[in-house]
Amino acid sequence: MTLEALLVVAAALFAVGLYGAISQQSFVMLMMGLELMINGALLALIALWAHSTGGNPQGQMLAIVFMTVMAIEMALGFALITNVYRVRRADITEKLRKLKG
Amino acid sequence: MNRSLTVDVLFWCFAAGSVLTGYLVFRTDSMVRAAFWLLASFVGVGAILVLLAAEFLGVVLILMMAGEMLIMAVVMVMFMMNPAGLNPMFMVHQHRFAVAAGVVSFAGLSAVALTVDFPDQPVDPAVDATAELGFELLGDSMLVFQTAGVALLATMIGAIALASRNGRFGTADEGSLEPALDIEELESP
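Going down the list, the protein sequences come from chains V and U. Sequential numbering of the first sequence, starting at 1, is according to the working numbering. Sequential numbering of the second sequence, starting at 1, is according to the working numbering.
The shape of chain V in the complex, shown without the other chains:
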């Protein structure tokens, strides 16, 4: 379990997430792509923490901030999906051509 292998796995997760976030039409699938990208970033962060910082606890602290970002992204994403569906009956990005309410 070398640092290089861990970072390559994290890069693969990030790349799959980026593909999903760009290509998916459905809002929820798009959010899944974003989550996968944060997942890869989290893995890279903890890999670097475990191999390069001598176990400085502030590295884990940063990971907790990452997880907070994940939770915030999901909660606000779901709220926006609910709101957009109610106002526009839209569930895919193509139906939101206008930003004006």
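Hints in this document: simulated from the structure, not taken from any laboratory. Here a beta-carbon is modelled for each residue, glycine too, at the ideal position from N, C-alpha and C. Any given hint might turn out to be false.
[To be verified] Okay, the calculated bits of chain V under chain U, using three or more residues with CB under 8 Å as the criterion:
#, stretch
1, 59-73
2, 87-95
[To be verified] Computed footprint of chain U on chain V; a stretch qualifies when at least three of its residues, placed anywhere within it, have a C-beta under 8 Å from a C-beta of chain U:
#, stretch
3, 7-15
4, 18-27
5, 32-42
6, 46-55
Once you have looked at the hints, place chain U on chain V.
Just chain U now, kept in the frame of chain V:
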């Protein structure tokens, strides 16, 4: 089998599993199944974190994502057409650009990972990393921890404000209306 070999085998299993299930998220026909594939990917990463001596974070990640993905599955069933995967589903746009972006980002990030010479300071196995994290959370980094908590509170308030159909004084799309003070008027047919 010695310990390091076991850890290596487990790591490659979890790594391959999490990348594969992450890919299956965008290949399955059912959105509910996609949510559970994503959960599987997070469980793989959480297990790798446990192998890396970040036991607390790994288990917290798995627990948090289990809850989150269940909410996601419920949202799918509520809002999306075809949640059960009865029809083939392939809803993508700018597909070629997305594939190119994924491949380029993977190549770029891997190149960085393989060429940069990172300092070699592994975690000391004698130190209890979880205990250190606990002292850090409630010690020097208390302000960061509290800020994360306040940010989550603000998120809850914002999410409720965005998602609720009715405010106190009227529906969201009509704007605010004065509350009716005359009760008789409300009750008359």
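Cross-check of the supplied hints:
1. By the rule of at least three residues with a Cβ nearer than 8 Å to a Cβ of chain U, the coverage given for the stretch 59-73 of chain V holds, with 10 such residues.
2. For the stretch 87-95 of chain V, the assignment as covered by chain U holds, since 5 residues bring a beta-carbon within under 8 Å of that chain's beta-carbons and 3 suffice.
3. Under the rule that three or more residues need a Cβ within less than 8 Å of chain U, the assignment of the stretch 7-15 of chain V holds, with 9 such residues.
4. Under the rule that three or more residues need a Cβ within less than 8 Å of chain U, the assignment of the stretch 18-27 of chain V holds, with 8 such residues.
5. Counting residues of the stretch 32-42 of chain V whose CB lies closer than 8 Å to any CB of chain U gives 6, so the stated coverage by that chain holds, three being the minimum.
6. Counting residues of the stretch 46-55 of chain V whose beta-carbon sits less than 8 Å from any beta-carbon of chain U gives 10, enough to reach three: the coverage restraint holds.
Of the numbered hints given earlier, the model fails none.
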